[in-house]
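Order-wise, the sequence lines are chains F and Z. Read in order, the letters of the first sequence correspond to residues 1 to 877 in this note's numbering. Read in order, the letters of the second sequence correspond to residues 1 to 310 in this note's numbering.
These aren't lab readings, by the way, just hints derived from the structure by calculation. Just so we're clear, the structure is a prediction, and the values are computed from it rather than from any experiment. Note that beta-carbon positions come from the ideal geometry of N, C-alpha and C, so glycine has one too. Treat the hints with care, as some may be off.
Stated by the list, open to error - Computed list of chain F residues with no C-beta within reach of chain Z, every gap over 10 Å:
1) Ala2
2) Val7
3) Gly674
4) Met717
5) Pro722
Unchecked claim - Derived list of chain Z stretches under chain F, where covered just means 3 residues or more per stretch with a C-beta under 8 Å from a C-beta of chain F:
6) 59–73
7) 124–131
8) 203–214
Unchecked claim - As a list, the in silico EDC-like pairs of lysine to aspartate or glutamate whose alpha-carbon atoms are at most 20 Å apart:
9) Lys174(F) to Asp85(F)
10) Lys156(F) to Glu619(F)
11) Lys193(F) to Asp123(Z)
12) Lys209(Z) to Glu14(F)
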Amino acid sequence: MAECHPVGFQWVMEAKRRGATVIHVDPRFTRTSALADAHVPLRAGSDIAFLGGLINYVLTNELDFREYVVEYTNAAAIVDQEFQDTEDLDGLFSGFDQESMTYNPLSWAYEGARATAAAGHRDMPKPEAGAAAAEEEAGAGAGEEAGSGGPPVPGKPERDPTLQHPRCVYQILKRHFSRYTPDVVEQICGVPKDQFLQVAHAVTRSSGRDKTTAWVYSVGWTQHTVGVQYIRTAAILQLLLGNIGRPGGGILALRGHASIQGSTDIPTLFNLLPGYIPMPHAHHDETLEEFVESDAGSTGFWGNMRAYAVSLLKAWWGPHATEDNDYCFGYLPRLTGDHGTYRTVLDQIAGKVQGYFVIGENPAVGSSNAKLQRLGLANLEWLVVRDLQMIETATFWQNAPELETGELETERIGTEVFFLPAASHTEKDGTFTNTQRLLQWHHKAVEPAGDRRSDLWFYYHLGRRIRQKLATSTDPRDRPVLELTWQYPTEGDHDEPSADAVLREISGVDADGNPLPGYTQLSDDGSTACGCWIYCGCYADGVNQTARRKPGSEQSWVAPEWAWAWPDNRRIIYNRASADPDGRPWSERKAYVWWDREQGRWTGHDTPDFEATKPPDFEPEPGAHAQHALAGTDAFIMQTDGKAWLYVPTGLLDGPLPTHYEPEESPVDNLLYGQRANPARRLYRHPANPYQPRGGDTFPYVFTTYRLTEHHTAGGMSRFLPYLSELQPEFFCEVSPELAAERDLEHGGWATIVTARTAVEARVLVTERMRPLRVQDRVVHQVGVPYHWGPNGISTGDAGNELLPAVLDPNVNIQESKASTCDVVPGRRPRGPDLQRLVADYRTRAGMSGSTDTATNGATTDSTTTDGAVMNRRTGA
Amino acid sequence: MTNQLYGPVDDVAAQAGHADDHPPRVGFLTDTSVCIGCKACEVACKEWNLVPEDGMDLLGSSYDNTGDLGANTWRHVAFIEQAAPRRELVDLGMPGKGPPGHVAEGLPDAPPGGQQTEQSDRDVRWLMMSDVCKHCTHAACLDVCPTGSLFRTEFGTVVVQEDICNGCGYCVPACPYGVLDVRPEDGRVWKCTLCYDRLSDGMEPACAKACPTDSIQFGPLDELRERGAQRVRELHEAGVEEARLYGEDPNDGVGGDGAFFLLLDEPEVYGLPPDPVVTTRDLPSMWKHAAAAGATAAAAVIAAFVGTRR
């Protein structure tokens, strides 16, 4: 966190000064470790075992916050008797289909809920549609669509509040994690037992009525084939300890860029609409009603999804969206499967994609197995790159490594590249949404120089010009574009659209155009328009609430008047859980919101995340809808059952509980199960994306990629600036003195790092901060590979991400870039075709043929192409 | 007030001739116990003061690729990796750190940021410190400057006026900390001005403004000295016995620094001189010696002539 989020880390330092204990769990000793009370090095890719060990510690010693757990989580819910755990099936849950490598989640349901659950899986094809369809749709990252609340389950499950029923979630959890003992943690993670127990003591002692513990993670948790389940494991632990919805608790996701939270809220993701409304799938003749029904569930606040969806459609198509035409629901694009970045790139290589926009991203050096990206870019008709600097993605045709090896030739690349300089955040108005869901407005400080323009300018004028070109079209397929609400005021010499007007549209208006106060005012009859329901109210009273900057010293410690947090300016969501079931604070010290009996309403330091006047003892009428179906103790109001889910009966593609699986490429077998890696992980079989086989010692070392404070991601914002480049002028790798001795690596010299994809060269930093770990009776060395570099700019070097395979988490299509295996040898890498020969030699030694069939756990192989025919060339032949 | 070249000085600005209503002496307290080595100070300094880039060299010196203070580096973050024999883990329930009533628990008795693995018999510690011109009470650079380019500001800081600097370089060896440096491209001396221009506009220096963890604190020197002493007490209470101040003592060899430090180890570990002395301390006695030598020589010459006559 100190390394990549130094500004946020000031609050950790402040907490430490006030007595907080800071523990850093990370394969590497970083700037964060330097300031922490303790650093716990563990093997990259083993966090579920570590967190699972903590869960087991809590459950075995009955240290869970029992009242919280019984009342606010689904611990008491009874699960269907057909459910089988990984403990029963050696690493698989019930419902796995070996052929399609996907799960049918039917048997994971709550007891008695099976049939209904099957019908309501987020607008996905019905199970009877067959495994192939299920697989295709699974690729659409359906797990992600439950972004701001769980997917629907029908009504309330049967419960055993004593938690004794053998099939209640609590008992299932206990059995599931029973083998995650301190000894097993030591064996899998390389964390000594005594050190693990110290963490366990610290975490459990700092949780309860009077104390809370927070977990903070970054992409070190998300970028794995089991990334979602990493977070789930932390969520289970935090729920067992009562650390969610309470001050000082929670799980904080540190994002990789300034507004990544914003870019999922108002998504740049292919499978989501604003506010985590799922993108509809390509069914025939599906109505809005059917879409909402299959997605929303009828209870919890998602029960109002129709109001959110209709308001969105009204914001986009205005007067054209009427009840008669289903509010233009048919105008929305439809999903036909996986359209994630890696699938798209393979489709580019296969010649199925003509044009590509790359905005503020540098995939040619930043993505896993960056070669795939460049092969894709080289096979387009046109490419638009908008960036602050002339990044490698815009110059791949000039200096891709494949030109040197002869795999590509500039003369034969037909892609027409348009580079458009972009305005930086100081040159435009707008908001950043941070991980705390805080929308913070930034004002333009200076006019963008030269041809630089804001993204808003670009998209507004692109849309305007497209609409002009289509103006006379009578083709029905052009109606969605022509009928869009596209009237924004513009100003200045360059006709810059008003970001303020856009925010106003996002926040929403009533039928008379008056700003809406909040999302509870949204209506499903077309009388309200709102661009993103969770942001509704950020322009309440006609005031840009996100631009508020009242200093913390002039308001309460919750600081509600600094900027604006979604939803409804709540600083902690699910904060009903900060009070006990009767509505009293769990303790004086941790008081946050509570039930005021006299006034008959919820009150406190923050906006209560609960219906203001629903008393703690409220019991819903049978058959009630949406929030009216939630009881006064159902703190997790977005969930259909009002409970936080320790166990996920539906919605995840790789199991209802987290399970330790090894990364796709790992030096060891799975100590716990026969199933080595996540069975539902997303593999992309392609000659240019080979996976290393298990076992053998060709690639004996673990490596992990990461960022340094001095640079930003793939370097577009830092490698071109002298003041930042001089601070970390070259690509380097970090190794322990032991590994340096084993491989004759010299401090300050060169090393070549090799994987089945390619080899890169880096300067060597030998440092005591890298530690060999003892894992399952062997010593595992880890190599640190910061990934900022590429050939352009002032600070240059090979791109570390060239080394990685493209293999993804199935739920959210995130690549595994934090744990893989490699070899390291002293000296610089070979040049030209010799580089390919070196890698080919390694592949042969690893027992890999020219094909990509690398014995990855029974996965089917659909490609027998050899390396020679990588691309189906679209142009330039 | 008489001129002094050594020992405590109550009011350096007044001593330098500034009127009585001059602002209080200001400086930096750089608290290395919260420094995260982000180098924002280096960058902010360069941005504000338009200091040129200082070379694209990978030094192999931990994460430090700046190397040292110089004409083109006015803030420098040092990174010190230390491996030490492993300390024994002690039992849990470490007594509270922090304000009364709060109890922090369950941590091994490791040094701050200590790393321990069973496979190893050593701990690792990573110290970071942002170094800067000390703005000494007795600034030898200023004493030896023949052009008056170096001067004491009304804030008690020491600043080079580069438009007067003739590049003689006398100040370079005079500095006991090795801060002063000639920029080869233009032959003149450049160093930290404590953002004299910003101070004049009531703003804090760029490095302090940019520091995310308040490792670099700016303010009236008296206040900073109190804050520093308080912080050392806090750290000692929390078991960080290595914490100490460096350069805050008016009785030290430079009369105390305007920019002083809270360190977690001996100054040498950070590349700082353990006992710096203003190089002009002995100037008066040197002049006396020189005068005596001159007088002796003159006497000898006279004696010689007198002898000849005789």
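Okay, the hints, checked on the actual structure:
| no. | hint | result |
| --- | --- | --- |
| 1 | Ala2 | violated, 4 Å |
| 2 | Val7 | violated, 5 Å |
| 3 | Gly674 | holds, 28 Å |
| 4 | Met717 | holds, 13 Å |
| 5 | Pro722 | violated, 4 Å |
| 6 | 59–73 | holds (count 5) |
| 7 | 124–131 | holds (count 5) |
| 8 | 203–214 | holds (count 3) |
| 9 | Lys174(F) to Asp85(F) | holds, 12 Å |
| 10 | Lys156(F) to Glu619(F) | holds, 12 Å |
| 11 | Lys193(F) to Asp123(Z) | holds, 17 Å |
| 12 | Lys209(Z) to Glu14(F) | holds, 17 Å |
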